[in-house]
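Student: Sequence:
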Amino acid sequence: MRGISNLAAATGAAGLLASCSAITVSGNPAVPVYAVAETAPVGTANEDAADDPAIWRNAANPAASLVVATDKKGGLYVYDLSGQVKHFFARPALNNVDLADMGNKGVIVFASDRSDLANANIALFRLDTSSGELSEIATLPSGSGEGYGICGYEKDGRLIVYTAPKEGNIGEWEIAVSTAPSIKPLRKMRVPSQPEGCAIDARNGNLYIGEEAGGVWRFANGASEGQLVAAVDNRNLVADLEGLALVPEGETGGWLYASSQGDNTYMRYTLPDLTPAGRFRIAAGVFGSTEETDGIEARRGDFGPDFPGGLFVAQDGQNGAGAQNFKFVPLGAIEKALSVGVAQTTVVEKTSAGK
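Residue numbering for the sequence shown is -24 to -1, 1 to 331, as defined by mature numbering (1 follows the signal peptide of the UniProt record, and there is no 0).
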């Protein structure tokens, strides 16, 4: 009997452990929003391939704006706002991507190159905004480590780029875009463990880095030490924390969006104080839902009739039977849904407190 009891106990314990391991962490409630367009699936099927988007807004013809995005097994895609492929540049091992309008130097696309796992590089391209085609400019070294996160902006005619290798050593670089491109280190920073998401506030130079297991770190302009301003807490953010996107408003206000990959949602914070300001998910509608999102990007402004108030782009890690892709959501629809959702949550909280 003892043997049977021990076996039963062991079986029960194993079942308990199995059930515990199957529990999915779910954060605070998230309001649903819906994609109005999606990209064609990336060329790499049955793998974790699609990763990170960047947005170029065509001020003269907003509906002709473009999205550049990575297939980290294949290369860079350029999409129109209907999600159709304008151009594909074959270049495996590009992980994250961003872009900057450099005036007469053109729109420069820069991507983290992880082809050398011991030494990170930055791959530079020029985007022909009329045709959507990319042309390669150069590949520049950006320190030790495996290339992962990247973001940057134009500052006083200079291209400033931030790199976030897998090992957590964050770098700030000045890149000269010329006939002989060059790179100069400006600053070193660090987060405790693997980062990826990266967003820069061009108004004040504040840098936001997403530490996947830890949360959002803010590095003030010129500072080498950061501050954890939004922790992974299984309420607002559920690990892994992935992409970050910053939408400025006025001199210091606006929003920081974050991909809460662990429960397939997105978190919004106010700027500059990083107060939680609502959670949402991209639900199934005309187009599918998103799951396991890596990179995101958001831009306010007119993007044509489908996106009159701005554009939010999210990678979809489980695109049904197809390869991974990217979903396009009107930013105005997200802001409207969150304004209603946050108001309803506040009413519930006040009612509960009253009891």
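Hints in this document: simulated from the structure, not taken from any laboratory.
Keep in mind that a hint or two might mislead.
[Stated by the list, open to error] Computed cross-link-like contacts, BS3-like style, restricted to lysine-lysine with a CA-CA straight-line distance of at most 27 Å:
| id | residue 1 | residue 2 |
| --- | --- | --- |
| 1 | 142 | 81 |
| 2 | 160 | 142 |
| 3 | 160 | 131 |
| 4 | 81 | 62 |
| 5 | 131 | 81 |
| 6 | 131 | 49 |
| 7 | 164 | 142 |
| 8 | 49 | 62 |
| 9 | 131 | 164 |
[What the hints assert, rightly or not] Per label pair, the in silico range of CB-to-CB distance:
| id | residue 1 | residue 2 | range |
| --- | --- | --- | --- |
| 10 | 259 | 80 | 21 to 31 Å |
| 11 | 77 | 156 | 20 to 30 Å |
| 12 | 259 | 58 | 33 to 43 Å |
| 13 | 285 | 205 | 25 to 35 Å |
| 14 | 259 | 157 | 40 to 50 Å |
| 15 | 297 | 166 | 15 to 25 Å |
| 16 | 94 | 66 | 19 to 29 Å |
| 17 | 1 | 166 | 23 to 33 Å |
| 18 | 225 | 36 | 20 to 30 Å |
| 19 | 93 | 229 | 38 to 48 Å |
Cβ atoms here follow ideal geometry from the backbone N, Cα and C, with glycine treated the same way.
Student: Taking the hints in turn, state whether each one holds.
Tutor: Outcome of the hint check:
{"no.": "1", "hint": "142 with 81", "in the structure": "violated, 31 Å"}
{"no.": "2", "hint": "160 with 142", "in the structure": "holds, 21 Å"}
{"no.": "3", "hint": "160 with 131", "in the structure": "holds, 15 Å"}
{"no.": "4", "hint": "81 with 62", "in the structure": "holds, 22 Å"}
{"no.": "5", "hint": "131 with 81", "in the structure": "holds, 13 Å"}
{"no.": "6", "hint": "131 with 49", "in the structure": "violated, 32 Å"}
{"no.": "7", "hint": "164 with 142", "in the structure": "holds, 15 Å"}
{"no.": "8", "hint": "49 with 62", "in the structure": "holds, 19 Å"}
{"no.": "9", "hint": "131 with 164", "in the structure": "holds, 19 Å"}
{"no.": "10", "hint": "259 with 80: 21 to 31 Å", "in the structure": "violated, 43 Å"}
{"no.": "11", "hint": "77 with 156: 20 to 30 Å", "in the structure": "holds, 22 Å"}
{"no.": "12", "hint": "259 with 58: 33 to 43 Å", "in the structure": "violated, 21 Å"}
{"no.": "13", "hint": "285 with 205: 25 to 35 Å", "in the structure": "holds, 26 Å"}
{"no.": "14", "hint": "259 with 157: 40 to 50 Å", "in the structure": "holds, 43 Å"}
{"no.": "15", "hint": "297 with 166: 15 to 25 Å", "in the structure": "violated, 41 Å"}
{"no.": "16", "hint": "94 with 66: 19 to 29 Å", "in the structure": "holds, 24 Å"}
{"no.": "17", "hint": "1 with 166: 23 to 33 Å", "in the structure": "holds, 27 Å"}
{"no.": "18", "hint": "225 with 36: 20 to 30 Å", "in the structure": "holds, 23 Å"}
{"no.": "19", "hint": "93 with 229: 38 to 48 Å", "in the structure": "holds, 40 Å"}
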